[in-house]
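Chemist: So you can see what is in the structure, the chains are spelled out below.
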Amino acid sequence: MPTSNSEAAEQFDNLAQQRYADLMGMWLFLATELLLFGGLFAGFIIFRVEYPQVFAEAAGHLDLTLGAINTVILLTSGLSMALAEQAVIGERRRLALGLITATLILAVIFLLIKGYEWHHEYSEQLMPVLGLPFEYSGDEPRVARLFFNFYYSMTGLHAVHMLAGIGLLAVMLILVGRWRDAGRQARQVQIMGLYWAFVDVVWVFVFTLLYLLRT
Amino acid sequence: MMAYRTHVLVWLLLLALLAVNITATLLLSGMMAYAVNLGSAFGMAALIMTTFMGLHAAGGMLRLFALGGWLWLAFLLFLTLADFLAR
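Protein sequence lines, in the order shown, are assigned to chains A and B.
Residue numbers 541 to 755, in my numbering, belong to the letters of the first sequence in order.
Residue numbers 153 to 239, in my numbering, belong to the letters of the second sequence in order.
Chain A with its partners taken away, still in its complex shape (with noise of 0.2 Å):
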């Protein structure tokens, strides 16, 4: 970890332990964020086990080949984030800003593959959401309709969450463009790696559930 101009905030006996108690907060956090996605992961599971030859035959619908690429820039998206605080750690700037730069690019480049496939499922019209019709060819279209529901549901509450992060590296980006604290900076990458990594994480799973049991 750099060497920090400030000081550790007065509730603390130093920068170490003020360290410890910002990650063991962001690792809080996230678990209520895990707690989050698990309902809708529940959800999706008890029905999955309930229906599983139409959800199968609806996953098929499902455009396997854009979400295997968007898992992919989503791991790579990880990996600059990662070294994005390596760098920062290191006090190598124009590293870092590079790295973040990337992670960010990677970021929207995932949410237009998300946005053209939820465009090209729109006009199939696969899409029952806010009124939209729902015309489905396979077996039961009421479970199916279900099963875009999780969808659309578990994909977007993600996306939410990529947008958040999105802002949330732009202000990085003006921070570690500054290079004010270096300490400090260290420690801000840090908790976005974090929430990075979790975005990652809750991805595979997404992916997992939706996209590939489909036997």
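These are calculated hints, taken from the structure and not from any lab test.
Everything numeric in this text was worked out from a predicted model, so none of it was measured.
Mixed in with the good hints, there may be bad ones.
Stretch by stretch, here's where chain B covers chain A in the computed footprint (C-beta under 8 Å, at least three residues) [as the list claims (entries may be wrong)]:
id: 1; segment: 702-715
id: 2; segment: 727-740
Ranges between beta-carbon positions, derived for each pair [what the hints assert, rightly or not]:
id: 3; chain 1: A; residue 1: A561; chain 2: B; residue 2: A226; range: 22 to 30 Å
id: 4; chain 1: B; residue 1: M154; chain 2: A; residue 2: S663; range: 44 to 52 Å
id: 5; chain 1: B; residue 1: L216; chain 2: A; residue 2: S693; range: 25 to 33 Å
id: 6; chain 1: B; residue 1: A226; chain 2: A; residue 2: W719; range: 40 to 48 Å
id: 7; chain 1: A; residue 1: E675; chain 2: B; residue 2: L216; range: 44 to 52 Å
Every residue, glycine too, gets a C-beta built ideally from N, C-alpha and C.
Starting from the structure of chain A, add chain B where the hints point.
Modeler: Same frame as chain A, now just chain B:
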């Protein structure tokens, strides 16, 4: 430099697990496919958490907090599913 190399290696491992995950969907069926799919997903999550999220070098309390979230999620899934499967 070591940390950079470790992160890149883990990223390659993640891509390999993703390939396994997708191949299982394309080539396998039924419970075998599900087992590989979920096994790969948990493997990927574990890799991200231990390296990208720094748990490999974290103290005991942080690891406890990280595992606590998963434990509570497991309670949620287990108790909910137990109700449905036992009906």
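Chemist: Work down the list of hints and note, for each, if the structure agrees.
Modeler: For each hint, the structure was consulted:
1. With 0 residues having a Cβ less than 8 Å from any Cβ of chain B, the segment 702-715 of chain A misses the three-residue criterion, and the hint is violated.
2. Counting residues of the segment 727-740 of chain A whose C-beta lies closer than 8 Å to any C-beta of chain B gives 6; at least three are required, and the coverage claim holds.
3. One distance hint, 22 to 30 Å for the beta-carbon pair A/A561 and B/A226, holds here, with the actual separation near 27 Å.
4. At roughly 49 Å, the beta-carbon separation of B/M154 and A/S663 lies within the given 44 to 52 Å, and the hint holds.
5. For the hinted restraint 25 to 33 Å between B/L216 and A/S693, the CB-CB distance of approximately 31 Å keeps it satisfied.
6. At about 42 Å, the CB distance of B/A226 to A/W719 agrees with the hint of 40 to 48 Å.
7. Between A/E675 and B/L216 the C-beta distance comes to about 50 Å, which sits within the given range of 44 to 52 Å.
The structure fails to meet hint 1 from the earlier list, while all remaining hints are met.
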